[in-house]
Amino acid sequence: MELLIKNGAVYDPVNGIAGDRADISIKDGKIVEKVSSGASVIDAGGRLVMAGGVDAHSHIAGAKVNLGRLMRPEDSRIGLKSRTKITRVYSGYTVPNVFAMGYRYAQMGYTTVFEAAQAIMKARHTHEELEEIPIIDKGALTLFGSNWPTMDYVREKNLDKLAAYVAWGLLASRGFGVKVVNPGGGEMWGFGKNVTSLDDVVPNFDVTPAQIIVSLMKANEMLRLPHSVHLHCNNLGKPGNYKTTLASMELAKQIKPAKDRQVLHVTHLTFNAWGGTNWGDFESKADEIANYLNNSDNVTTDMGQLIFGSATTMTADGPVQYANAKLLHAKWGNGDVELEDASGVVPIFYAKQISIHAIMWAIGLELALLTKDPYKVLLTTDHPNGGPFVNYPEVIALLMSNKKRQEEIKTLHEAVHKRTKIPGIERELDFNDIAIMTRAGPAKVLGLLDTKGHLGVGADADVAIYDIKPDQIDPSVEYAKIKSAFQSAAYTIKGGEVVVKDGQITATPMGRTFWVDATVPEEQTEIMMKDIRMKFKNYYSINLANYMVQDAYVTHPKVVKAGAIPVKVS
Amino acid sequence: MNVITDALCPFCGCLCDDITVVVEDNKIIEAKHACMLGSAKILGHCRLGGNNIETHHTIKEPMTRVDKNSNFKEVSYDEAINEAAEILAKSKRPLLYGWASASCEVHKKGLLLAEELGAIIDNTASVCHGPTGLATHEKGSPSATLGQIKNRADVIVFWGCNPVQAHPRHMGRYSSFARGFFSEKGRKGRKIIVLDVRKTDTAKMADEYVEIQQGSDYLVISALRAILSGHADVVPASVGGVLKDQLVKVVETLKTAKFGAIFFGMGLTQSKSRYKNIDNAVSLTFDLNSFTKFVITPMRGHYNVTGFNQVCTWETGFTTAVDFSRGLPYYNPGETAANDVLNRNEVDAAMVIAADAAAHFPANSVRRLAKMPLVQIDPHWSATTEIANVVIPTAICGIEVEGTAYRMDGVSLRLRKMIEPTHLTDEEVLERITQRVKELRGE
Amino acid sequence: MTLKVTLITGRTISQGVNLENKTSSDYMEATASCELNTKDIELLGKPKYVKIRTEYGDVVVKLKENSSNPSGIAFIPMGPWANAVVDPDTKGCGMPGFKGIPAEIDATENKVLLLKELMARYKQ
Ligand code: SF4
Ligand SMILES: [Zn+2]
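So the protein lines, in turn, are chains A, B and C. The C-terminal residue of the first sequence carries number 676 in this note's numbering, and the numbering is unbroken. The C-terminal residue of the second sequence carries number 1922 in this note's numbering, and the numbering is unbroken. The C-terminal residue of the third sequence carries number 127 in this note's numbering, and the numbering is unbroken.
No wet-lab data here; the hints were simulated from the structure. Don't take each hint at face value.
Between beta-carbon pairs, the in silico distance windows are [claimed, not checked]:
hint: 1; chain 1: C; residue 1: Lys114; chain 2: B; residue 2: Ile1483; range: 40 to 50 Å
hint: 2; chain 1: A; residue 1: Asp608; chain 2: B; residue 2: Val1545; range: 42 to 52 Å
hint: 3; chain 1: C; residue 1: Asp92; chain 2: B; residue 2: Val1501; range: 42 to 52 Å
hint: 4; chain 1: B; residue 1: Ile1483; chain 2: A; residue 2: Glu632; range: 19 to 29 Å
hint: 5; chain 1: B; residue 1: Ile1483; chain 2: A; residue 2: Asp403; range: 28 to 38 Å
hint: 6; chain 1: A; residue 1: Met616; chain 2: C; residue 2: Asp61; range: 55 to 65 Å
hint: 7; chain 1: A; residue 1: Met616; chain 2: B; residue 2: Leu1919; range: 25 to 35 Å
hint: 8; chain 1: A; residue 1: Lys667; chain 2: B; residue 2: Arg1823; range: 50 to 60 Å
hint: 9; chain 1: A; residue 1: Met635; chain 2: C; residue 2: Lys119; range: 49 to 59 Å
hint: 10; chain 1: A; residue 1: Gly144; chain 2: B; residue 2: Val1545; range: 52 to 62 Å
hint: 11; chain 1: A; residue 1: Glu139; chain 2: B; residue 2: Gly1921; range: 39 to 49 Å
Think of the CB as a built atom: it goes at the ideal place given N, C-alpha and C, for glycine as much as any other residue.
Looking at chain A on its own, in the form it has when it is part of the complex (with noise of 0.2 Å):
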């Protein structure tokens, strides 16, 4: 199978293109140096061709996600399309089916997901339902943060212990990385309690948040994994929170990378950038993160957009669902997972006239737009927290055109005149910076570089083309134009395959899983063990034998090697 993609303008920032004109060759599922005369042709015709879209913080699947749809059959009532020859039945609109999860990504150009929590007894569960999801890659990154064991080596100071925990939970989990939310919180919120600060000390395990998320990040290093270690910051949902999201940064300078990313990635910056005190107070302390930012070169973030109606919160915060469920009077779903973490689920609507939220939809934006460098700041709306995925293009939109936002903060409430930085912020990002933050940072962040993310010889042969001609178009003006055509892709190539024409699916062939096999020497598993073996024997509902997800839930895996020693080639 020979593709070839003529006359693009083509984005491929790894590769220093930036609107040029170029021709893309594809074969097999991968981008090669040219093709045969035989090979099909694509002529995008002067139209913006980029790299599959990469997100590298969404929650597409599992326990929690199916939760929010079995609250939510008022969310699963939107959306609805029927089967075609080719497609499953669609529904949802801020938690979605699996199948219109796979076809919504893949419309508006994006090939690989990254669902962004799961619990290793839950694994199995979040496995099924990727398993569902077509078209896509995808993989999941697997929480560590309140686990039983991480607790207690990080309290013996057992790095090796650690490390090994790690490297074993991922394969349990058949996970891809270190996910760590409120440290501490999960495990004290089993008895209705939380950390408040970095310092404080988690009762009966006798450690702090910081010291978790220090341990992690270093034994996420010495197992040279490909993604840093991911974290939802304690205090998150309160207000003057980003204190302790700069003092969690502020942890990753102790930190060296092995590999060239970033030591530690703090996600959705839109939750957990609040000034003030209290509700009345509440303001954007963007400015000061994204300076932050400017000045430090080992950590990296997501915006976690806010987007203006419904939307459905769900996190392994489980204390802070609890308190969002009781101020917003909500129903409340509550997913304990025993010796690991928390989960909550809460429904939520976001209005323009309420000042909070008018000034949380400021806090994404002015991180992206203070932050210089876009490989720091990843498009994301922590799908569905602060908005479905689908309104990605609107988000493009808002960078990309300033008379756009300013339209927008016409209909807010006026705290965002007072209380954040935006309408005073001019700048407009351009293609290039937002084929950054949605292709290249996004797979470097995860450590994908050599395949995500780009257009060069060697990556996968994913590709999007938008009805856009960029040396025809004013973004600044022409915003709507920008969002619908980012909408729904004139192409979506995957592996080589095209899966969307015209914003309609036309094939939907099934992705692959993405897990990290990391090598740990066997005397130091061995060592962990038994202390795993005691946890399930005494306080564990499950058997051993029965806790790792097994091979009949990845059938399509891609497996990423990773390691404290070198891996031996056989």
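Once you have looked at the hints, place chains B and C with the ligands on chain A.
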């Protein structure tokens, strides 16, 4: 002899995963650790020969009959599958019901068939925890895995459920007697409260038994919430047959728990007020979290009734009772659940799989099923067999076929294959029916 | 005399043990029965069999003693015999009335129908 350890018990929602099965000559001769219910299922009545067999218990071969009053004729799988497909393809409003005793892999095939047919698909939650789903739509679901409860709970409430009879190992493995990190003392360190309309075996083991007048659960929950929120003054001297003093005492116990868990069963879902009982109980749980940590968990009956709801939810957005007749999934229990459509006499053909509708539906619904073309897919001869036209025996999930099941708390586990099947699997049969339906429709 | 009761249905262990053994007499023994407390049984004159009537049908089952039942509460294990008399109304939420059905109970000489006979009634 073959010994399989850590096997799952495919019977009740406890989904115990510590069963040791001994197999000899493709027969299971021992199921260590399983309770009476689990043993009965795993050891089987039929394959080993139980007591008092009056007729066949398993169905040996596929069978069909045109006239339901005549005897079945044994036919080939091809014939039976063809017959089933014709019935379903011809139907204007087919119902696909059951799915409790089958793996999630079977559910996926079933949902695909339902989409293809434009059928109504519903599972046995319809007659057990369907209202729990409705309450989740209203108020959410503050829950936890069973191990969280075992490790932490010092107060456990059983409301309208009777684990001693229905989930025999629940109290030992997960609740009353289970020992864990913060609960080394097991039963001694816990207070057990049982609320029911009669003194069940579970109630007899409680520290506090609250006898409620049948149908008054909603009132009692409301009274507890009133007392909890400091409004004991508005609560009358007796509510739903319970003295106020006892309610006040119960609230005190709940409030002062370190970690409390409420388990509830069909005593709440099936009695007057149905889902509103659960709605109120979830609200009580919510309220209690202002004082301490509390969670609430349904005692799901069959080992994988939860799994169908999970799969149906992620594939369609709706938990069960999905009507595909418009091409889109449409969900409205009260209108689209199995007994709703049967009551309205809308259904003109049905397929019952991995459940026994004829035994567990009200007479009115059974009468309707008995008068329409009916396909049954099941390993066992049941009440539904008596009123079916086409009967297709299949291998037993979790004993003869591996697959996925979800425990009552939503933890998924992998079912084991213990012995070689002698029949086609449900998955295979459904795939072939779907294929044949497509052919019949010229697709 | 006729005893007025509130009828509830539910799981029991022997009902569960015989769940996949429906054609056996064990299953019938486990489910074709009605539990009342001693006082209520005495009011009925301690018969062996009873006929239960509700708005929705009637059924004959064996009488069993269960002193844990409050007076006026009759329990029939879930299954085809119980379902002959439960309330089919799903009350707008899909769930029929399996608990809390007003019923009348009389002693009877009639015999309990076998599962096959019970199902045959529905085919008429
Ligand atoms: S409690 Fe349930 S799952 Fe466990 S052995 Fe008994 S029937 Fe099987
Ligand atoms: Zn997130």
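Taking the hints in turn, this is what the structure says about them:
no.: 1; hint: Lys114/C - Ile1483/B: 40 to 50 Å; result: 45 Å, holds
no.: 2; hint: Asp608/A - Val1545/B: 42 to 52 Å; result: 51 Å, holds
no.: 3; hint: Asp92/C - Val1501/B: 42 to 52 Å; result: 48 Å, holds
no.: 4; hint: Ile1483/B - Glu632/A: 19 to 29 Å; result: 25 Å, holds
no.: 5; hint: Ile1483/B - Asp403/A: 28 to 38 Å; result: 54 Å, violated
no.: 6; hint: Met616/A - Asp61/C: 55 to 65 Å; result: 56 Å, holds
no.: 7; hint: Met616/A - Leu1919/B: 25 to 35 Å; result: 28 Å, holds
no.: 8; hint: Lys667/A - Arg1823/B: 50 to 60 Å; result: 59 Å, holds
no.: 9; hint: Met635/A - Lys119/C: 49 to 59 Å; result: 56 Å, holds
no.: 10; hint: Gly144/A - Val1545/B: 52 to 62 Å; result: 58 Å, holds
no.: 11; hint: Glu139/A - Gly1921/B: 39 to 49 Å; result: 47 Å, holds
The structure fails hint 5 only (numbered hints given earlier).
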